[in-house]
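A.B. asks: Residue-level listing of the chains:
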Amino acid sequence: MSPLAAVAAQVGETTASTAGEEVLFWIIAPLAVIGALGLVFSRKAVHGALFLAVTMIGLAILYIALEAPFLGVVQVVVYTGAIMMLFLFVIMLIGVDASDSRVETIRGQRGAAALAVFGVIVLLVAVTGRAALPDPVGTAQAAPEGNVYAIADLIFGRYVWAFETVAAVLITAAVGAMALTHRERLARRHSQREQSERRFREGDPKDAAGMPVPGVYARHNAVDTPALLPDGTPAESSVSPVLVARGATRLAEEFATDVGRLGPEPKPGEAESTAERPTEPSDAATSGLPDDSPAAHGTEETDDEPEQDGGDAR
Amino acid sequence: MNSIMTHGLAAQAEVHQVVRDASGLISSTWLLIAFPLLGAAVLLLGGRRLDKTGHLIGTAASCLSFVMAVALFVAMLGESGDARAFNVPLWEWFNAAGYQVEVGLLLDQLSMAFVLLITGVGSLIHVYSIGYMEHDERRRRFFGYLNLFVAAMLLLVLASDYLILFIGWEGVGLASYLLIGFWQHKPSAAVAAKKAFVVNRVGDMGMVLAIASMIVVFGSSSFELVFAGAGDAPTSWLNALGLLLLLAACGKSAQFPLQSWLLDAMEGPTPVSALIHAATMVTAGVYLVVRSAAIYDLAPEARTAVVLVGTITLLMGAIIGCAKDDIKKALAGSTMSQIGYMMLAAGLGPAGYAFAIFHLITHGFFKANMFLGAGSVMHGMNDEVNMRRFGGLRAAMPVTFLTFALGYLAIIGIPPFAGYFSKDKIIEAAFADNILIGLCALIGAGITAFYMTRVMLMTFLTSKRWAEDVHPHESPRVMTWPLIGLAALSLVGGAALLYVGGGIVEWLEPVTGEEHHDLPLPVAALIAITLVVVVAGVAVAWLLYGRRPVPVEAPAGNPLTVAARRDLYGDAVNEAVLMRPGQYLTRSLVYVENRGVDGAVIGAAKAVGGLSARWRRWQTGFVRSYALTMLTGAGLVVVAMLLVRLP
Amino acid sequence: MNVQLLDIRAVDQVEGFGNDPWWIIAIKCLAIFVILVVLVIFSIVFERKVVAKMQHRVGPNRTGPGGWLQSLADGTKLMLKEDIIPKAADRVVYVLAPIIAVIPAFLIFSVIPLGPEVSIFGQTTRLQLTDTPVAVLLVLAIASVGVYGIMLAGWSSGSTYPLLGGLRSSAQVISYELAMGLSFVAVFLFAGTMSTSGIVEGQQDLWYAIILLPSFGVYLVSMVGETNRAPFDLPEAEGELVAGWGTEYSSFKYAMPFMAEYMNMINVSALATTLFLGGWRAPWPLSAINDGMLNTGWWPLLWFFAKVILLMFVFVWLRGTLPRLRYDQFMKLGWKFLIPISLGWIVLVAGMRLALNEGVERQQMMLGVGAVFAIFLVISLIAPMITGSHRRDSETEEAEQPEASFDPFAGGHPVPPLPGQESALTVPATVGAPADTADQTDESDSPEEGTSA
Amino acid sequence: MSPTPYLVLATLLFTIGGAGVLLRRNALVAFMSVELMLNAANLAFVTFARMHGNLDGQIMAFFVMVIAAAEVVVGLAIIVMIFRTRRSASVDDASLLKL
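Residue numbers (our numbering), protein chains in the order written: chain S, 204 to 517; chain L, 84 to 730; chain B, 5 to 457; chain U, 73 to 171.
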């Protein structure tokens with residue numbers, strides 16, 4: 204462990220003027236390492252992404268400490284703000300609940316990997332520790348007008364071609380990603396107007412203003428309970444067909460008899476698997492249905508025909 | 084045999100006349116080819132809308148060509164005897180590194196004779212075909228092919244360069260293939276077409292090699308330069324050239340040993356047999372030999388080979404003709420035999436060239452006549468071709484009978500019919516050259532008389548043997564008129580060609596040269612002997628077929644008959660000598676290829692494959708394994724650098 | 005018109021900062037915290053009252069004088085509610101998410117200049133916690149961290165609606181951050197700096213909102229998108245997603261992101277004020293009084309907050325009048341309009357800057373810019389006439405004969421349409437359910453506010 | 073401050089990222105590990121930039137960020153594609169190119 208000793212020795216030699224930087228480093232660096240380890244060892248991808256975000260923000264702070272404020276901020280904007288956001292987006296899109304199993308499928312991979320990683324760590328730390336590095340010159344000389352100006356000067360001066368090329372690569376990547384994930388539409392998409400017209404033409408005119416949502420005007424404020432129409436009959440179409448298929452609803456007849464007498468509360472088992480909000484039924488305001496709202500439209504995205512009302516209900 | 088060669092050396096007369104560039108009408112010689120070519124293009128590209136008029140267009144194209152030929156002939160007659168050769172240059176085809184090919188036409192006495200024959204007989208056959216093919220759905224296409232053939236054949240005989248000639252040569256081959264296989268729905272026709280095509284390719288090989296040799300030796304393939312340079316070329320080259328050209332001629336003219344396709348080619352429609360396989364295309368070999376006279380004159384060995392080939396073929400064809408019950412095949416055997424005569428004559432050198440052409444033309448008349456007659460018989464007999472099912476057709480189809488009879492008399496050489504003059508001249512020339520060859524020719528004449536009499540008797544005379552549902556009738560006029568025309572030519576053509584205006588010998592003399600030989604016996608005696616032999620042949624045929632009823636089923640016959648029925652085992656010989664060894668050769672080559680060459684290659688591949696199958700285990704397909712390898716490798720690189728850099 | 009490149013020697017520390025004693029810094033921090041919290045409390049009531057006025061209602065009028073303490077009461081009640089963590093939730097992230105949402109919201113004000121130099125207890129200091137040469141970028145960075153809160157809240161709830169809300173939120177923020185960042189570029193080009201104080205400095209004579217009007221417009225649109233406010237409040241669209249990412253939250257954990265949302269509104273308004281509306285400077289007629297007297301001392305605080313509240317009013321106004329967009333329309337607006345327009349505008353501005361730097365006469369340049377604008381105007385007037393009429397034609401055609409089209413599922417298996425064929429089948433639009441725009445304007449209060457009733 | 077601690081940190085982050093690539097089967101996590109390695113490299117660049125007193129290292133880090141953005145866009149698109157067809161985001165499942 205002589206390299207680490209060398210590191211410690213060099214740390215001890217530092218001057219007082221960099222004490223703040225030093226404190227910052229020794230706070231941030233462990234956080235960054237913890238974040239990195241968290242990425243590798245967390246079972247859920249989202250946790251990993253969060254850990255990585257911690258590391259990236261830590262690195263951004265280190266960049267600022269390393270006289271690269273522009274890069275530090277860009278690090279947050281690009282990595283944390285855009286790239287990690289994309290990662291999270293995709294994780295939510297495809298692997299929400301996937302937490303990896305810990306069983307290694309490739310024989311010997313884990314041991315060999317550990318060995319190789321350990322070897323590389325020892326090797327690189329040894330190299331870094333043994334290297335006789337000069338004290339940093341600092342970028343004040345190179346950036347007399349400030350970091351941002353100097354970077355801009357370099358990007359649009361000496362590295363302008365690289366910059367242009369990178370721009371081209373970015374555009375190509377964007378187009379490529381679009382091409383990769385593009386799916387050919389089999390059927391022409393109908394406009395909102397056409398859908399609306401069709402609903403009026405083919406559907407029940409009394410649904411023209413939108414289908415009734417479950418639980419409305421009922422004593423129960425849950426999606427498994429059909430709506431009661433003004434004449435007191437339950438509207439079966441107001442309950443999501445998914446719930447009906449699962450058998451997780453209350454039957455319309457059962458409910459109709461329930462309405463007549465002041466029966467007991469429905470048993471909790473009957474209302475399971477619904478996205479019920481933790482609210483008291485008596486508190487009308489917390490139901491998300493204001494008193495003066497005639498009918499809030501409910502969960503209809505399972506329908507093939509999304510209810511689209513051209514805003515003329517106003 | 085030596086005598087043949089000895090006189091060959093003496094034949095180095097300066098026979099080649101001056102060739103002038105054409106002017107006036109003659110410069111329009113290309114129209115001869117253009118008419119039928121245009122007709123073919125129109126008919127083949129025109130589509131169904133021409134179905135109704137196609138035959139007329141085709142016939143008109145051919146007739147226009149004939150009219151043009153006659154006009155040219157008249158123009159040529161206007162010139163003096165040794166100034167009748169014209170060069171009609173068209174354009175330069177290519178000029179590559181000193182090898183120049185000029186697309187041009189050579190119109191001289193020889194090609195003029197052919198042009199007249201082709202266009203004349205061709206036009207008659209076109210007319211005949213109008214009737215013969217009337218009920219065929221694809222008549223337009225048939226006429227298109229006929230026109231294509233005429234165009235190609237004209238190009239063949241008019242070309243002034245072997246390469247151009249070769250184009251026509253292949254063109255007639257193509258047209259022949261298309262026409263033999265015209266009824267492609269019949270497997271036999273398709274097979275026959277393929278056979279003709281393949282056998283012709285063997286001959287073409289000789290042609291191609293000959294042209295290549297010419298380019299090597301003379302630096303050119305044009306007639307002018309080749310013939311001019313022939314005198315200086317080494318005899319061995321000339322002999323080789325002669326033999327190669329002979330091979331080509333054998334292929335096209337169905338001469339031994341490439342004779343086997345001709346009999347099968349009778350699967351084509353009868354006008355095709357008449358036009359291509361009797362009158363014109365098969366004579367292309369003779370034309371080639373005669374046209375290459377300048378080479379053969381200086382190549383005695385090659386000429387001997389020509390004579391031998393001709394003699395063998397004339398006897399073979401005659402024998403085959405005796406045994407065939409199929410009327411068209413009997414006639415085809417006869418064609419082989421007659422072309423054998425022509426080859427024999429052509430092989431005799433300047434003494435025989437003119438007679439070869441003379442016989443070629445008369446043969447064109449009477450053989451076309453007889454083929455068309457046979458077609459007429461078939462037309463009336465529901466396409467029956469077996470002569471044992473004919474008999475007594477004389478009454479049913481008198482015109483056909485009469486015209487056929489004239490052709491018959493012509494071919495067996497009864498004076499004053501056409502064949503008498505031409506064949507007698509060849510027999511004379513053969514005797515003058517070599518007694519043995521002469522005797523063969525004489526025997527051939529006897530056999531010819533036998534089998535033609537047999538055909539005549541079995542078809543027209545004897546008793547009726549036809550099937551019950553057949554009602555023989557005379558053919559329509561559009562078919563009989565060409566017959567009559569050709570019959571007339573068979574009747575008078577020989578005498579006319581020999582005697583009118585100095586005759587064909589004198590006409591051709593500037594091209595072929597002339598040579599006289601002394602006969603070992605007087606001409607009159609020879610004629611008498613020949614006639615006796617012919618009459619004997621007729622008599623034997625009469626004894627065998629005229630007096631006794633002809634059985635409907637062919638009797639077993641003697642071994643010679645059996646052999647003749649099988650084309651003297653031509654196919655068998657081909658099969659045994661060429662096909663089987665070829666098959667064995669290919670099989671053994673394939674074996675060597677599979678086990679030896681491929682074995683080595685596949686073995687190497689398998690070794691590599693086996694090795695890589697082992698190595699493939701490294702390629703797990705798991706990205707993470709690869710990443711591990713990369714990381715390890717990168718670490719090793721760092722280590723290596725450390726070892727190098729650090730003390 | 006003085007829009008010159010400022011000659012600020014912007015080294016890593018902006019001039020005039022970094023010299024404060026610690027107690028001044030502490031006071032500033034505290035002040036920012038208090039100001040933000042008070043502003044949030046104020047703006048919630050403000051919004052409810054304004055919306056109520058727009059709908060001819062009274063609005064909250066019971067708690068406190070004129071009902072102005074309603075939010076305070078609501079907040080107190082929220083704190084005291086039962087704190088529920090759903091069984092399916094990812095507990096750590098579920099708890100962490102509101103904190104992640106709220107902290108960045110507090111941070112942004114640290115780089116917003118509230119006024120010029122003033123004297124506090126004898127110390128002369130600026131009314132701004134700090135400034136850096138990349139201050140505006142810093143704001144973007146902090147804002148992008150803030151989105152994590154909403155997104156993770158959606159994910160960690162372990163429920164479908166919140167997840168959809170979180171997905172929408174992330175997609176929305178990624179999309180609109182681009183447009184927002186692009187709208188800044190023109191400002192940077194003109195100000196020559198990215199430090200907020202420098203930018204305010206650059207607007208001494210003319211607000212960038214006037215000379216960079218397109219950028220300002222793009223920013224106004226994208227700031228609404230960035231803060232998930234109506235008409236772009238798709239992540240919490242109550243008609244479709246119940247309450248979006250916040251469906252499963254309750255009590256204080258619900259209050260935090262809720263507060264963060266209002267703080268973000270204040271933040272973006274403050275940023276808009278700083279970047280486009282002259283920051284703390286008094287508007288023109290006032291700025292001329294007594295040789296700029298109103299631009300010194302503590303006066304500018306008034307102007308600054310007046311501008312911020314004006315922008316807050318715009319937020320409320322939008323919410324009170326506009327129906328929610330459908331998700332695909334919303335994305336289309338971001339990607340197909342705002343970003344291209346910004347890009348084109350940046351090219352134009354860059355050209356102008358270059359021309360100015362190269363010494364072209366300002367008058368000539370203005371003529372050129374005017375010409376470009378004129379051409380653009382003409383095109384934008386003509387183009388809809390052409391394409392619009394065309395679209396109408398095709399629509400009527402479709403309406404006339406919708407039956408003559410091709411059914412991709414006719415044989416039971418989906419087959420692609422042949423060239424020239426049009427399918428009759430409708431495919432549901434995009435990710436998430438299409439918004440129901442009808443109910444948006446019918447409500448007087450959002451579900452969040454509803455807790456107060 | 074001496075560059076050594078920064079470089080050691082960069083080394084550690086780099087190897088931890090490498091370990092993530094080697095050990096994690098979830099394509100997204102492996103991909104994030106790659107990003108971590110890039111970040112580590114960036115840290116080294118920035119450190120050296122200060123050590124040498126010029127900004128080329130910072131520029132390089134800047135370009136690395138931009139290219140990383142491009143790479144992430146395409147990579148995530150590919151992962152989404154694979155997930156759509158195979159219902160799996162495991163890198164081990166995408167091993168069909170092997171014979």
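These are computed hints drawn from the structure, not numbers from a lab. As the structure is a prediction and not an experimental result, all values here were calculated from the model. The beta carbon of each residue, even a glycine, is placed where N, CA and C say it ideally should be. Keep in mind that the hints are not guaranteed to be accurate.
Pair ranges (Cβ atoms, derived) [unchecked claim]:
hint: 1; chain 1: B; residue 1: PHE317; chain 2: S; residue 2: GLU400; range: 33 to 39 Å
hint: 2; chain 1: S; residue 1: ALA343; chain 2: B; residue 2: ILE107; range: 52 to 58 Å
hint: 3; chain 1: L; residue 1: GLY686; chain 2: S; residue 2: ARG313; range: 50 to 56 Å
hint: 4; chain 1: B; residue 1: LEU326; chain 2: U; residue 2: ARG159; range: 36 to 42 Å
Covered stretches of chain U, as calculated for chain S (at least 3 residues, CB under 8 Å) [unchecked claim]:
hint: 5; stretch: 76-83
hint: 6; stretch: 88-98
hint: 7; stretch: 111-121
hint: 8; stretch: 126-133
hint: 9; stretch: 141-150
Partial list, computed: chain L residues near chain U (C-beta under 10 Å) [claimed, not checked]:
hint: 10; residue: HIS218
hint: 11; residue: ARG222
hint: 12; residue: TYR582
hint: 13; residue: GLY704
hint: 14; residue: ALA710
hint: 15; residue: LEU711
hint: 16; residue: LEU714
hint: 17; residue: ALA717
hint: 18; residue: VAL720
A.B. asks: For each hint, tell me whether it holds in the structure or not.
C.D. replies: Verification of the hints:
1. PHE317/B with GLU400/S: 33 to 39 Å: The hinted range 33 to 39 Å holds for PHE317/B and GLU400/S, with Cβ atoms some 38 Å apart.
2. ALA343/S with ILE107/B: 52 to 58 Å: About 33 Å separates the Cβ atoms of ALA343/S and ILE107/B, which means 52 to 58 Å is violated.
3. GLY686/L with ARG313/S: 50 to 56 Å: The hint (50 to 56 Å, Cβ to Cβ) is violated, given that GLY686/L and ARG313/S are roughly 41 Å apart.
4. LEU326/B with ARG159/U: 36 to 42 Å: 40 Å, holds
5. 76-83: This one holds; 7 residues, not fewer than the three required, reach chain S with a Cβ under 8 Å.
6. 88-98: holds (count 10)
7. 111-121: n = 6 at 8 Å, threshold three: holds.
8. 126-133: Answer holds; 6 residues pass the 8 Å Cβ test.
9. 141-150: Three-residue rule met by the stretch 141-150 of chain U, so holds; n is 9.
10. HIS218: 64 Å, violated
11. ARG222: Violated: closest Cβ of chain U sits about 61 Å from ARG222/L, beyond 10 Å.
12. TYR582: Hint on TYR582/L: violated, closest Cβ of chain U at ~88 Å, above 10 Å.
13. GLY704: 3 Å, holds
14. ALA710: 5 Å, holds
15. LEU711: 5 Å, holds
16. LEU714: 5 Å, holds
17. ALA717: Nearest chain U Cβ about 9 Å off; hint holds.
18. VAL720: For VAL720/L, the interface hint is violated, since the closest Cβ of chain U sits about 14 Å away, which is over 10 Å.
Going down the numbered hints, you'll see the structure goes against 2, 3, 10, 11, 12, 18, while the others check out.
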